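Novice: From first to last, the protein sequence lines stand for chains A and B.
Numbering-wise (our numbering), the first sequence opens with residue 63 and increments by one.
Numbering-wise (our numbering), the second sequence opens with residue 110 and increments by one.
All clues stand as given, with none of them false.
Some chain B residues judged to face chain A by a derived CB distance under 10 Å, without partners named:
| hint | residue |
| --- | --- |
| 1 | Leu182 |
| 2 | Ile186 |
| 3 | Thr201 |
| 4 | Ala291 |
| 5 | Tyr309 |
| 6 | Leu323 |
If you are wondering where the hints come from, they were derived from the structure by calculation, not from laboratory data.
The model shown is predicted, which means the values in this text are computed figures rather than measured ones.
Quick reminder that beta carbons are idealized off the backbone N, C-alpha and C, glycines included.
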Amino acid sequence: MTTMTPYRSGMTGARDGFAQLLHAEWTKFRTVRGWMITLLVAVLAMVGLALLSAAGTTSSCEHAGGGPVRQGGGCAPTFPLGPGGEPVNDSFYVVHQPLAGDGSITARVTSLTGLVQPPNGSQGPGPGDTQPGVMPWGKAGVMIKENLTQGSAYAALMVTGAHGVRMQWNYTGDTPGLGGVVKATDPRWLRLTRSGDVITGYDSADGTHWTQVGSVTLAGLPRVAQAGLFGASPDQNNVTQNFGGTSQNGGGPTQATGVFDHVTLTGGSAAGPWAGRYIGAADASGIGSYHQAGGQFTVTGSGDIAPIAEGHGGPADAALTIHDYLLGTFAGLIALAVIAAMFMTAEYRRNLLRVTLAASPRRGRVLAAKAIVIGAVSFVTGLVGAAIAVGIGTAVTHSRGYWEFPISGPVEARVIIGTGLLTAVTAVLALAIGAMVRRSAAAVAIVVVTIVLPYFLAAVAILPLGAADWLLRITPAAGFAVQGAYPQYPQVTAIYSALSGYYPLSSLAGFAVLCAWTAAALAGAAYLLRRRDA
Amino acid sequence: MSAVFPACGSAVHAEWTKLRTLASTWWLLLAAVALTIVVGAAVGAAFQCQRFACAPAQTGADPAKISLAGVYLGQVIVALLAVLAVGGEYATGMIRVTLTAMPRRLILLAAKAAVVLGWALAAGVAAVLGSVLAGRLILPGRGLSAANGYALLSLGSGPDLRAACGSVLYLALIALLAFGIATAVRDAAVAIGVVLGLLYLFPIVAAVIPDHVLARHLEQIAPMNAGLYIQATVGVKSLPLTPWQGLGVLAAWAFGALALGALVLRFRDA
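Same shape as in the complex, but just chain B (with noise of 0.2 Å):
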């Protein structure tokens, strides 16, 4: 027993510089960063409000959330790497050497897991501070200035800061149910279709069927919906779950989906 936590120690080492010396790692750090910096600027500067109807009670716009939109976006690039970083071992066979040389498995999922988390958590704090950055430059040229009654974006204020710090969490447990579908499937290609079709379908059921309560349930369980709760500064107590109730609901996901790939590794061949 008392070798698990030098064996943990090495494992997250040995698995850090799997990931580390793969030029793709690198490559999808830099794109979930700018996708998601772009796309935020980019909603942020189709903002429309017209004239004399500025004022927050008329447009309900709230510019945390337009801000951060490009997570809308970022997301697929922090998944896309969670599952390549499961995904290619299997495809190419590496993972039998992995597992040769690290027969604990699930101290080998753990490690695999914190490598990946933290590679979430880095692009996830650039992304953010830079979409806030846009859109404090952007935002209030775009009618959502502080003479029309919006406070500019600062992660010194509460809810702001509540967005802020709740988007870089999304994207970590986004990456942590990528890789959790990846290691029970054991397909990127599989996987990042599962794991798509959870964060899509279900906000696009949800605003398509006609039935407003059911919608409003599928809201409270859907990954998305629910994770994003937490871009909310705006009419948060209209929202059918509070802020961190959302980020709990896919936290839940995040871990079944860690759970059921843990149960794939430990009791099945690889």
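Okay, chain A solo, but in the shape it has when bound (with noise of 0.2 Å):
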């Protein structure tokens, strides 16, 4: 009796690593022209919507020749830069005199009066009419300042409308000192220290027990520097945001007067005469006055130092922005949602997927291998189309002579990054769904329905901010954060929505919120394709 002994093949099983199947996938998705050219019309809607945005801009301030639009220009207002490199405002009143070397400047404030804008909607007496009130963040307190010129370093400590004493320092810093008004029964005793560079607050309810509020580093900060009192309202902006857009009605110029005494100066100088003065455009003049009597202080200041936030209907409205660059993004990430859920769902349309299960029988591999090739292909897709965009975005703004609101490299980077990041995991997550669903149509849909229509609601049917701010925390369209370029200042009043590029959540958490759903789809699409018959 001899034994048969069956077949085997002498072929090694070597074939069926993982790094084959990436390659087989790879091979699927690049042999089909249709994709390939889709890829491109993606890189090219970035870059052409990036060219309206750039190139399309004719505001009514161009000049004949096309020059540089400058200050004075009407239309394209260059605003002065902080310390930081950030556009800020510096307009303010303030009474000063130098400070030599290390010293301080203590004040007491017993009151905070001002003037506001009637209401939203509602008639003063006459157009341009104000009324008694205090703006939130109008404010008045004692400062150190490099010098008088807009933009210089400075740190302050003040009594604000209704956030309480807070010390600010550089336009973007701000940190709080004791709560609530003051009002003669309980005042404010404000105090600022110099010590080489470092600037340090103390506030009092007394005058005897004092807290240290901050302590601020004015790097480079002169021997001698401008001590003294100031008085500063931010404009008011009455905006009303609904369903159906933003209705502003009336706003304007407000001012806040701050009553001192107390006021003591020590340190290197002389005590020398009070000097007061405007701080800030020089068409603003008689916004802002003082008075003495005795040693009584009355300081009153229009305008704000602050940080400048970029923003429709703000002030540096005209200014193009990197979010303004990046608007093809939304055309990008459809076009890469249509083939990331063809590339799974064309497999079962023609049968495919029975020939790649049985060449590859482990199912989760498969969809791993194909969330890989499409969310790398989308990524490279996604960051050669924000590059480009930015860059020829940026070309063709600074050839016109255009604002552009100024944005650091880093940051820069971060967004075109983060936007090749985003077109990735959207795909990813069209693949996914387009496994779960089997119809590419019906995953395009989804896929657009969660992440185009929740940008699209928020932003541009402008639901009321917080129903917006959810649905750009919850949904996939929290994702677009990685877009946001600039930061949001609590101490500034301003419409920081999505449509400017601000958005609810950091770059990081919004990601996360986009990963957490595409891993969700990719482990219900796992499930799915290993209990189902392909």
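Hey, can you piece these two chains together into the complex? The hints should help.
Specialist: Structure representation (structure tokens):
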């Protein structure tokens, strides 16, 4: 009796590796001409819309010769830059004198009053008439400032209309001190001391028990700085945001008046005379004054000492931003979602999936390989599209002399890479949904409804701010936060909407929300792929 | 030539049978109606106005537009059904059988379009009636009440009736637009991508670009912006187009897409 050895193939399982699987999936992708063309279309759409944004802008302020629009040109104002390089508001009234070397300024504030615009929609006695009141961020206090030019370094300790005592420095810094509203029976003592480059702020309710509010370093503060009492009150912006649009009613400049006494200046300089001065635009004269009677100073000022928030309807509305250049991301996302969904569903349609799964029976690995291929392809597409869009947008804006809202190199790089990651993860989401619903059209519709529609409803159709913020927190549209380029300042009242590139979540948190949705969809896809017949 | 009309009737009947016997048709109908109503109700519930600032002049709120906001989502489902009605045939190869049975391609296209249109009108009527009802129930509690100077949403008032009927027509035209594009590109996924891109990109671009003049022109030609002017009952005079002109812009898009689809179907091999 002879034993028959069953035939065994001499081939080893070497080609079963994950690398081979990846290679196979990449081959499947790259050999479909329509998909490669779609990648090109996605990049072109991103670049084209950046061009539309930058080159299509024909503001009424464009010079006949197309030259640069400078301050006073009418619609593209240039703002002073703060020590950190950000555009700032630096307009206020100050009663000052030089402070040489180390020293301190102390004052007691007994009242903060002011004038505001009538509330939203209601009519004042006449156009431009104001009524008594204090803006929430109307402020008066003591300040040590590098010099009297706009944008110079400073540290200030102040009482505010609705935010208690604050110490603010170099425009972006802000930290709270004592709470409550200042009044004659409940005054606030404020003290700033200088020691070298370090300014320390203290506040007190009684002038004997002092609490340190903050201590900041103003690098390069000259030996002779200016110390003084100031008043400022930001412009009022009566904006109501509701579904269908924002409505603006009235608004305009406001004033804040602080009453100071027990003013003492100690330090290297002989106590000189106080001098009052409005810091700010030359044409804004008359908004501010001071009055001295005995030891009591009454200082009235208008304007603000704060960073400028980029935003539609705000002071920097005319500025082009990286957000404008990346407008085409939406077009790119939709195009990539289409091919990502088809990358999965085409296998079902042609019954190719049975071949695929026969060649690689571990179904989860097939899904992983597809996700990696489509993710990588989409990342490169989004990255290249964003980089070219931002590059061309910036170049066109500069060549036409338009004003671009300043952005630092690292932030710009983060936004561009973030856009690549956004497109990559969105494509994987589309792939996973495609694997679950097996219909590419339905998958594309679901991706658009969960990513583009929430952004649209929140920013363009303009839901009320609270509802809009929630949409951009919990839906996959939270991922757009990777394109958020400019910080939101709690001490600056502005319209921080997604339309201007402000998102309720940080870049990382928003991206994490999108990734969580994608991970859930992938898990669902893996489960269904294993459970269901192909 | 005399055979045209009977052929037409049986073609519509055949197309109706194809659509009717798919479970997805009815699920999508349900989804379109339910999602439209739910989103409209949610937008209404999210409406805020501070005390003493709820007057129409202060909020600028448009009760009809708020109630019918669900159309933003409902239109996606309507478009999805329209592209699936065509894309499904190309995906399965059924289109060859269909064309063998019904060689007059343009009549076939018209029959299919009529069936899709009927479905979209039915979905639109149900969704809009539900949305208006939800608006009547929800909005007065959110500050849009008679006490604050807002009339209760009612199909008896001219502008509200225009908004409601217009929204139904809007959904029907979106269905035709999607149907025409799907016939032209022959793939449901590509078609839905193109349709949703057309619908959502225009308004986003118009809202973001800094140039307000260009933005206004974009809104005038955008199928969704222009088409939804029909929902406006407040500030109609300040719109870039009148409501009916706006719906006309969408109709031009829809019939343009249908014409393109007809050309492709007529002259290309299936």
